[in-house]
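**Student:** Given chain A, work out where chain B should sit, using these hints.
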Amino acid sequence: MKVVVGQGSCGVATGAKKTTAEFEKRIGAGGLNVAVEKTGCVGNCYLEPIVDIYGDDGALVSRYVQIQPEKVAEIVEKHLKKGQVVQDFVISEEDKRFLASQERIVLRNAGLINPESIDAYIAVGGYQAIEKSLKEMTPETVIEEIKISGLRGRGGAGFPTWFKWDAALKNRGESKYMVCNADEGDPGAFMDRSVLEGDPHSLLEGMTIGGYAIGAEEGVIYVRAEYPLAIHRLELALEQSREKGFLGKNLFGTGFSFDIRIKAGAGAFVCGEETALIASLEGERGMPRLKPPFPAAKGFWQQPTNINNVETFANVPWILTNGGAAFAAVGTDKSKGTKVFALAGKIKKGGLVEVPMGLPLRDVIYGIGDGIKNDKGFKAVQMGGPSGGCIPAALIDTPVDYENITKTGAIVGSGGMIVMDETTCMVDMARYFLDFTRKESCGKCNYCRIGTKRMLEILERITKGEGKEGDIELLEELAGKIKDGSMCGLGQTAPNPVLTTIRYFRNEYEDHIYKKKCTAHSCKPLLTFTITDACTGCTLCSRKCPVGAITGERKQKHGIDQDTCIRCGKCEESCNFSAILRD
Amino acid sequence: MCENCDCRQGEPEDFSALVPVLEKYGKTRGSLITVLQKTQDIYGYLSLEAIKHIADKTGVKPAKIYGVATFYTQFRLKPIGKNLVMLCKGTACHVNGADLIEEAISEFLEINDGETTADGIFTLNNVACLGCCSLAPVMMIKNADGDETFGNLTKDKAKNILDDIRKRELNEQEAAG
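Protein chains in written order, with the numbering used here: chain A, 1360 to 1942; chain B, -1 to 175.
So here's chain A without its partners, still in its complex pose:
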């Protein structure tokens, strides 16, 4: 028997390490012959810490959810000692549906195997694809298989993977490089983190196959410094892989040599752009340059370089094992395979979901995510992060694939899916993203550097109730110019969150500007706080008010002086009788 505790970053944040320690302590004290292991993120982040109990035959017996350390004793006493399942902690049938309605290729091993053990990866068929590629295939036939699969880059742009590989193969250079972009910079996205933490070997195998296909001997993983656990597990995986002979010289006796190293990024969103990433790899400021020449011709140290995202690489071993046609059988005509999304925001069941391309948004948000938190009204879903846009509730039946999402003005992007309800202000969302892109602009192009600043100023004015006639048109004009006048993807897409919110939620902009109202009741300067008859005169709010705007006798209804009120909301927070109304 063994106990497996989910230890992705989400699990650890909810106390999975303490839960593991508690299991180890109690199993040790009881002298039980039960192993305690860890695994990556299974995806149901809202149920962490998750504990799986496997029988001696290796089959899953029970999945327990939300197992804080204090619940461990009962599981040890009843289940481990007496074989009685603790029904109260078992995952509900409804929650099982979260996983059952997904199709897992990228996350095939996440949450199932121990990410710190290469043997666990080998036991599920790992490193067979690289052996097959090296021994039975040529670089050209590997690329052909990827072409048949229809795999497109999962980092955001959706460019056909085989095409990039083919270009890098055909270009000549003293040396070639295979680079993995693991600088998952979109705020609100954690797909890559989960692969890195949950199944690092699949990335290494995918990169090695890619290296063979383009003729590279060196691979580099450019990973965010904010992901310490991911870096730690990658380092372990690299070490184990070298020991087993899956990385290094003369792999499988074929004469092909390949090794991978890790380069920790230093925090710059623009480094997701491939030429900026290369500059950063070379130790420079991460600023993009004009293309062409493309990295496939002149990349890292001016040599042919191919850059793919983590999720793209994680698909590769599966494709080589199961065949390109099997991959192409999943998804839509132009968008093949599956896509991993990080479902978060105002959603009941947030987490990692992997679905076939083309599944309607509704099935993701309501089918898997179980709808909106606190049963509020669904307003929009943000896809593609700062380069993407907000898709309104009316378009909830849009199939999730590259073409259809692009038509809405958003992009599939790397996979962030942030759900918003009626309390989310869309003007504030646009302001939030502009604030982000303004800070992250590298400053090379004037339109991006200064234009995003000007747009942000206008949006800040609007959310403060100082918007004026012509602001919306000015935003649209600036947006067009920034798109045209910027060299790289950051600037070219920075206005998207503003444009999509104006397109679908123009009325909210107009309410802010002309009526000085925020209908989502989110922009504080536009709020009016009043006290209703539910007030018992307990005086708590008047004591909490930092500016003394609340007056009233004890046990009498209180009132707020609107001229003095600074709209901080402290009264609303402190009130025990829900007697403060925001409008």
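Keep in mind that the hints were calculated from the coordinates and are not lab data.
Keep in mind the model is a prediction, meaning the values are calculated, not measured.
Check each hint, because a few of them may be wrong.
Said to hold, decoys possible - Cross-link-like lysine-lysine pairs, in silico, DSSO-like; alpha carbons within 27 Å at most:
hint : chain 1 : residue 1 : chain 2 : residue 2
1    : A       : Lys1376   : B       : Lys62
2    : B       : Lys62     : A       : Lys1803
3    : A       : Lys1883   : B       : Lys22
4    : A       : Lys1430   : B       : Lys155
5    : B       : Lys22     : A       : Lys1608
6    : A       : Lys1732   : B       : Lys153
7    : A       : Lys1377   : B       : Lys62
**Tutor:** Relative to the frame of chain A, chain B by itself:
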């Protein structure tokens, strides 16, 4: 030491801990960022002295090192407190009220983003995204013991976490005399 205060201006800093770093990476092209990361790991931040020292040893101009150091958000040019509070301002956290958490932390610690408390126990840094979006709002606290992530924050929860750390630090200081 200068006469007016207890700063160590003018006093040569001890960079012996950098020797192995510079030996390993100093002459490898393209490893400036790695050198700066390791330097920051050792000293907690990049002092002007450290930048000059690295320039001396690697032959890279100080202006260029400064340019790289100021480009990336990870690098700090000022020392930080014992506990680095990294408050996530990612989209999911924003939607779930990260601004309110920031308000509460700022009020409790009496510092703003990028500042350090007078007692040197905390530095507050807003960060783009910690990637724990399902647990939003989230913060990560980094100190000598490693890093710990706290999710599903409320104003009170955030304050309590910081209060516990502050009490622990003060107790330790007392115990150490």
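**Student:** Which of the listed hints are not met by the structure?
**Tutor:** 1, 3 and 7
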